Amino acid sequence: MSRLLDPLSVGRVVGEVVDSFIPCVKLNVIYNSNKQVSNGHELMPSVIMAKPRVQIGGEDLRTAYTLVMTDPDVPGPSDPYLREHLHWIVTDIPGITDASFGREIVSYETPNPVIGIHRYVFLLFQQRARRSVRSPSSRDYFNTRRFAEENALGLPVAAVYFNAQRETACRRR
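Those letters in the sequence shown? Residues 2 to 174, by my numbering.
Please keep in mind that the hints were generated in silico from the structure rather than gathered at the bench. Among the hints, erroneous ones may be present.
[Said to hold, decoys possible] Computed list of lysine to any residue pairs in SDA-like fashion (alpha-carbon distance at most 25 Å, straight line): (1) Lys-52 / Phe-102; (2) Lys-52 / Leu-6; (3) Lys-52 / Gly-77; (4) Lys-27 / Val-11; (5) Lys-52 / Pro-8; (6) Lys-27 / Phe-102; (7) Lys-27 / Leu-44; (8) Lys-36 / Arg-63; (9) Lys-27 / Pro-78; (10) Lys-52 / Leu-62; (11) Lys-36 / Gly-12; (12) Lys-27 / Leu-156; (13) Lys-36 / Arg-146; (14) Lys-27 / Leu-62; (15) Lys-52 / Arg-146; (16) Lys-27 / Gln-128; (17) Lys-27 / Arg-167; (18) Lys-36 / Ile-118.
Being a predicted model, the structure only gives us computed values, none of them experimental.
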């Protein structure tokens, strides 16, 4: 009998960014109204320039969530000595809505992979209370585990990631 491998583990999101967790909330990330983020799929930089629409499941409007977008492959995946770079944080997102109903505490920064193929990870955490998540001091050297611990977020309730690399002239036609 074949065993399906978790794409977050195969993509080393579990292990390098967060510890193992059980997804229990639906998370949909959509760029340009039609490009849904799927684990391990590649999106071109021209598609990811504007912040995506992020739809969140959950139980009801009373439950609040925090969305984190990070790049664990900075400056390049073969030697990510600047790991991680923070691209976006939205807090106080009510369940069964989308990120536009939340409070953006770190504005969206367009991914700009310079060296190699980068993973861009969206992580969703359930908050214990509204207005309880503080903004980190810097985008550079961000650490998702430490951020979750400092803000009493626990393990993620959902995650999805995509790959992107620099668009080069030789790819265009």
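Worksheet item: Is it true that the CA of Lys-27 sits at most 25 Å from the CA of Phe-102?
Response: Holds, because 16 Å separates the two Cα atoms, which is no more than 25 Å.
Worksheet item: Straight-line Cα separation of Lys-52 and Pro-8 no greater than 25 Å?
Response: 23 Å, holds
Practice prompt. Would you mind confirming whether the straight-line C-alpha gap from Lys-27 to Leu-44 stays at or under 25 Å?
Written response: 21 Å, holds
Worksheet entry | Agreement of Lys-27 and Val-11 with the hint, judged by alpha carbon distance not exceeding 25 Å | Holds, because 20 Å separates the two Cα atoms, which is no more than 25 Å.
Worksheet item: Regarding the pair Lys-27 and Leu-62, is the alpha-carbon distance no greater than 25 Å?
Response: Given that 25 Å is the threshold and the Cα spacing comes to 14 Å, the pair holds.
Practice prompt. With a cut-off of 25 Å on the C-alpha distance, tell me whether Lys-27 and Arg-167 pass.
Written response: Distance of about 30 Å is beyond 25 Å: violated.
Worksheet item: CA of Lys-36 to CA of Ile-118, is that 25 Å or under?
Response: 19 Å, holds
Worksheet entry | Lys-52 paired with Phe-102 [C-alpha distance capped at 25 Å] | 14 Å, holds
Worksheet item: Is the Cα-Cα distance between Lys-27 and Leu-156 25 Å or less?
Response: 15 Å, holds
Discussion item. So if I understand the rule, the pair passes when the alpha-carbon distance is 25 Å or less; does Lys-36 with Arg-146 pass?
Written reply: The given pair, whose Cα atoms are some 28 Å apart, is violated under the 25 Å limit.
Practice prompt. For the pair supplied as a hint, Lys-36 and Gly-12, confirm whether the alpha-carbon distance does not exceed 25 Å.
Written response: Holds, at roughly 20 Å.
Practice prompt. Please work out if Lys-36 and Arg-63 have their alpha carbons no farther apart than 25 Å.
Written response: 29 Å, violated
Comparing the model with each earlier hint shows violations of hints 2, 8, 9, 13, 17; every other hint is respected.
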